[in-house]
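Protein chains: 2
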Amino acid sequence: MTDASGPAQGDDSFHVFDTTLRDGAQREGINLTVADKLKIARHLDDFGVGFIEGGWPGANPRDTEFFQRARAEIDFRHARLVAFGATRKAGVRAEDDPQVQALLDSGAPVVTLVAKSHDRHVELALRTSLDENLAMIRDTVAHLRAEGRRVFLDCEHFFDGYRANPGYAKQVVRTAYEAGADVVVLCDTNGGMLPAQIQAVVATVLADTGARLGIHAQDDTGCAVANTLAAVDAGATHVQCTANGYGERVGNANLFPVTAALELKYGRRVLPPGALAEMTRISHAIAEVVNLTPSTHQPYVGVSAFAHKAGLHASAIKVDPDLYQHIDPELVGNTMRMLVSDMAGRASIELKGKELGIDLGGDRDLIARVVDRVKERELAGYTYEAADASFELLLRAEVDGRARRHFRTESWRAIVEDRPDGTHANEATVKLWAKGERIVATAEGNGPVNALDRALRVGLERIYPQLAGMELVDYKVRILEGRHGTGSTTRVLVTTEDGEGEWSTVGVADNVIAASWQALEDAYTYGLLRAGVEPAEEL
Amino acid sequence: MTDASGPAQGDDSFHVFDTTLRDGAQREGINLTVADKLKIARHLDDFGVGFIEGGWPGANPRDTEFFQRARAEIDFRHARLVAFGATRKAGVRAEDDPQVQALLDSGAPVVTLVAKSHDRHVELALRTSLDENLAMIRDTVAHLRAEGRRVFLDCEHFFDGYRANPGYAKQVVRTAYEAGADVVVLCDTNGGMLPAQIQAVVATVLADTGARLGIHAQDDTGCAVANTLAAVDAGATHVQCTANGYGERVGNANLFPVTAALELKYGRRVLPPGALAEMTRISHAIAEVVNLTPSTHQPYVGVSAFAHKAGLHASAIKVDPDLYQHIDPELVGNTMRMLVSDMAGRASIELKGKELGIDLGGDRDLIARVVDRVKERELAGYTYEAADASFELLLRAEVDGRARRHFRTESWRAIVEDRPDGTHANEATVKLWAKGERIVATAEGNGPVNALDRALRVGLERIYPQLAGMELVDYKVRILEGRHGTGSTTRVLVTTEDGEGEWSTVGVADNVIAASWQALEDAYTYGLLRAGVEPAEEL
Chain A
1 MTDASGPAQG
11 DDSFHVFDTT
21 LRDGAQREGI
31 NLTVADKLKI
41 ARHLDDFGVG
51 FIEGGWPGAN
61 PRDTEFFQRA
71 RAEIDFRHAR
81 LVAFGATRKA
91 GVRAEDDPQV
101 QALLDSGAPV
111 VTLVAKSHDR
121 HVELALRTSL
131 DENLAMIRDT
141 VAHLRAEGRR
151 VFLDCEHFFD
161 GYRANPGYAK
171 QVVRTAYEAG
181 ADVVVLCDTN
191 GGMLPAQIQA
201 VVATVLADTG
211 ARLGIHAQDD
221 TGCAVANTLA
231 AVDAGATHVQ
241 CTANGYGERV
251 GNANLFPVTA
261 ALELKYGRRV
271 LPPGALAEMT
281 RISHAIAEVV
291 NLTPSTHQPY
301 VGVSAFAHKA
311 GLHASAIKVD
321 PDLYQHIDPE
331 LVGNTMRMLV
341 SDMAGRASIE
351 LKGKELGIDL
361 GGDRDLIARV
371 VDRVKERELA
381 GYTYEAADAS
391 FELLLRAEVD
401 GRARRHFRTE
411 SWRAIVEDRP
421 DGTHANEATV
431 KLWAKGERIV
441 ATAEGNGPVN
451 ALDRALRVGL
461 ERIYPQLAGM
471 ELVDYKVRIL
481 EGRHGTGSTT
491 RVLVTTEDGE
501 GEWSTVGVAD
511 NVIAASWQAL
521 EDAYTYGLLR
531 AGVEPAEEL
Chain B
1001 MTDASGPAQG
1011 DDSFHVFDTT
1021 LRDGAQREGI
1031 NLTVADKLKI
1041 ARHLDDFGVG
1051 FIEGGWPGAN
1061 PRDTEFFQRA
1071 RAEIDFRHAR
1081 LVAFGATRKA
1091 GVRAEDDPQV
1101 QALLDSGAPV
1111 VTLVAKSHDR
1121 HVELALRTSL
1131 DENLAMIRDT
1141 VAHLRAEGRR
1151 VFLDCEHFFD
1161 GYRANPGYAK
1171 QVVRTAYEAG
1181 ADVVVLCDTN
1191 GGMLPAQIQA
1201 VVATVLADTG
1211 ARLGIHAQDD
1221 TGCAVANTLA
1231 AVDAGATHVQ
1241 CTANGYGERV
1251 GNANLFPVTA
1261 ALELKYGRRV
1271 LPPGALAEMT
1281 RISHAIAEVV
1291 NLTPSTHQPY
1301 VGVSAFAHKA
1311 GLHASAIKVD
1321 PDLYQHIDPE
1331 LVGNTMRMLV
1341 SDMAGRASIE
1351 LKGKELGIDL
1361 GGDRDLIARV
1371 VDRVKERELA
1381 GYTYEAADAS
1391 FELLLRAEVD
1401 GRARRHFRTE
1411 SWRAIVEDRP
1421 DGTHANEATV
1431 KLWAKGERIV
1441 ATAEGNGPVN
1451 ALDRALRVGL
1461 ERIYPQLAGM
1471 ELVDYKVRIL
1481 EGRHGTGSTT
1491 RVLVTTEDGE
1501 GEWSTVGVAD
1511 NVIAASWQAL
1521 EDAYTYGLLR
1531 AGVEPAEEL
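Chains as they are written, first to last, in the numbering used here: chain A, 1 to 539; chain B, 1001 to 1539.
Since the hints were made in silico from the structure, they are not lab data.
Any given hint might turn out to be false.
[As the list claims (entries may be wrong)] Below, a list of computed lysine-lysine pairs in the DSSO-like style, where the Cα atoms sit at most 27 angstroms apart: (1) K354/A <-> K375/A; (2) K1476/B <-> K89/A; (3) K39/A <-> K1476/B; (4) K352/A <-> K476/A; (5) K352/A <-> K39/A; (6) K1354/B <-> K1318/B; (7) K1354/B <-> K265/A; (8) K1318/B <-> K1375/B; (9) K1265/B <-> K1318/B; (10) K476/A <-> K1476/B; (11) K1265/B <-> K476/A; (12) K1089/B <-> K89/A; (13) K375/A <-> K476/A; (14) K1476/B <-> K375/A.
[Claimed, not checked] Counterexamples of contact, computed for chain B against chain A with all Cβ distances above 12 angstroms: (15) D1036; (16) G1167; (17) R1402; (18) A1434.
Here a beta-carbon is modelled for each residue, glycine too, at the ideal position from N, C-alpha and C.
Pulled out of the complex, with its shape left as it was, chain A reads as follows (with noise of 0.2 angstroms):
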């Protein structure tokens, strides 16, 4: 039905187009950081995406820093960068558009642009005539191809458009196509449609222009994945999408289960071999990085997609679980979950020894006992996905049978003082073990977790120098059951770094400052081991 190879490196038949950077985080509710921004696009490169836009350079400073940070930092391995923008200006030359212009500076081999194809919109949104709006794009397409760049057009409110005026939406696509775009793109952006009428539209207006054809769906109506897989059965060869749907109001077109119906039901190979397989992990880990709880009952990786309620079924899902799923769910990543409960299962977790270059050498109580401690500590709250570091010293314990660290907690303290005067005193002590020499130590800092992180390396940095080298770079909090108010439990996240990579740990507690705690000890004792520095005490 498939065949293995994948697409071809290089192959530009069929688009996977992702826009979680540009149109997803109109989401309400998402504020990424540049930071944010080029995490979730090395992760949406190690998907296989072929294209991310990543936002609008020039529309806002933390853009354009993006480009130039994702260009200088991030060795693409599957997907090309793309730069989102207008058109020029009426009445202006594209190369005096300082818009346009800052589509060119950011570097992007690839430039979508942003057209009006709905001839009320021009009027009333743009307030421009019919034929400018015309001469706007044929001019910034052949300009940006002048300059070298691939370009996507697209056709804003396209379907709306082509609803009351055929014939100028059609006219809007050949302009574009015959200035040099790519990819004619037609969005639905209102999101009121349905696959039918997208079907029918996509399949006339490849006939009449000739053009080739991409789609832009949003989840208005709940079938956007649908509209994008109905405007594909009609001819469009490029899919506008992004991670778990996010977008503005509803959603988008959903990354996920748009490339898993093109994969695993229309046997269409859009993505590179094996990256089926990490779309369950992906999905969970842009999550984290947007700070939306993963979805439980989303298509394909949502951790209840392939749980089944025991009862009736179960004796013949053990005879042949296939009758009762419409897919194998570990070619997404994800498992059935009556079977093998929870994501850790035994072939994961030796797959991740050995990314870690930890033999299990196929010890399966060793393996039984690792996936035990990893449901537990999970349904206690902790996330070892998004959380490396804390999972390999989990790991590293159980192999060696005994938790060692380079320092043991006695107990700690901190206190968050508002003043009249609105300032905070923020103030921490810790009591600590290390080489057998006990050591107390109080320090200051902007707020407890601070305080505590401060009053930990004044302490500790005499005995292990190393400690200097060390930063925490990101510091993420999630309250889990987020119905209970503040008495709820914590999650803690942090990010350090030491130079030469960073490292992960997570902590979980009944407050935000014991779960910092936790994820800080993580932090340093992961840090120390990286450093070579062997750990004296004994938990």
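Let chain A serve as the given structure and place chain B on it in line with the hints.
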């Protein structure tokens, strides 16, 4: 496009069939009491579905009790109650099968029978012959019909079965229809189908059997809504759905987008007049009963479904909102929301003021001041799109020219102590002024923020007894500019409720405790304003 009368009383030409209480209850995490089921049945009847599948009487005592009580306690205006059960066991007469008898005993006027239509399932799960399976269907349908019941027959795994053995699958349909089933429902039990497949199979089965067909779609490909509509396109006249798409694994076809599409996109009246405008309320009410947070991003009914973030569009939205939304949100009882963010311009502030019932009267200076204030605060890390209540306090302070509060903070202190035995002590002291009185209060909590919250309430409840009715229900922490480690800015979002509604507030500070305190101050200030209490303190 539509006729205003809605489906005539007793119009049987199209069935909206709800199975929230039976198949929806299979969702992981849902566990309904009889009282819950009765509440949901009332909501579904209010919404105007034609059929409510209440459960499997006889299979468990809860469902048996539900049918007794529903008949006695609910005066259904629109819906008929449906009992769900299986065909008779192999080798037993239908009239001797206690499970079939329980369906009759339920008193439900309609029975849905589930039957196997996939040959392998007959052999492996049912362990009987293909012929006996047909006899079981024939006998059970005939028996229930003879007892005066209307019968629908669910063909389990129909689409997979059709792929494996189309002849047998169609024979099942014919057998049921000829035995007297009113509707034969084709079920995509494993949820693996895509719309084009559904449409082709439904069309063929309809042509080949002449049976009245229904559709039951699961959402494993993310296409359940589209699959349901594809079946309707092919001639199905009975759709099985669940409220909010609740169901096993990923879920079922969602009742709300399916009926909204039929009413608003197809122009087909499938609900009583006025029902559509109740959709948002009923969706949220059912979520409350099953104790799940309503999905913010659900099509049509989510709070984000008509929320606009992009500042660019705001001025055009003022000219003509229909250019930027696929339907008028009021048609489904929802509202357009402008998200105030740093991208927001004057137009969106004015729209937002209108939404909150604060007339800015086109006062350009005032609006400009608010825009500046929002930009300045968002630059500092505040976000108002997720904190309507804090935004309203900001707006009122600008309109009034002064910020008034019910209490004033002199200072506070929080202490978190990790003891050598691993337990934590959390204590907070607050010093406040309210109605000219100085209040000092101390409390413990299960975290520092919880301790501060309790101390605030301990101190103020005597003066403002309304606080007793308020509760913190959600708490979110976000570290901003995440690459600075624990020294970064912290943003806290708090959601509070008073039994009648909920509101969200934001705090930003150099540490999580101070940010939480700000969000708490806003939360209780807004809550007291909601309760009609005049603020007494000038800030």
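How the hints compare with the structure:
no.	hint	result
1	K354/A <-> K375/A	holds (20 angstroms)
2	K1476/B <-> K89/A	violated (41 angstroms)
3	K39/A <-> K1476/B	holds (22 angstroms)
4	K352/A <-> K476/A	holds (24 angstroms)
5	K352/A <-> K39/A	holds (20 angstroms)
6	K1354/B <-> K1318/B	holds (12 angstroms)
7	K1354/B <-> K265/A	violated (48 angstroms)
8	K1318/B <-> K1375/B	holds (21 angstroms)
9	K1265/B <-> K1318/B	holds (25 angstroms)
10	K476/A <-> K1476/B	holds (11 angstroms)
11	K1265/B <-> K476/A	violated (43 angstroms)
12	K1089/B <-> K89/A	violated (73 angstroms)
13	K375/A <-> K476/A	holds (22 angstroms)
14	K1476/B <-> K375/A	holds (25 angstroms)
15	D1036	holds (17 angstroms)
16	G1167	holds (19 angstroms)
17	R1402	holds (18 angstroms)
18	A1434	holds (16 angstroms)
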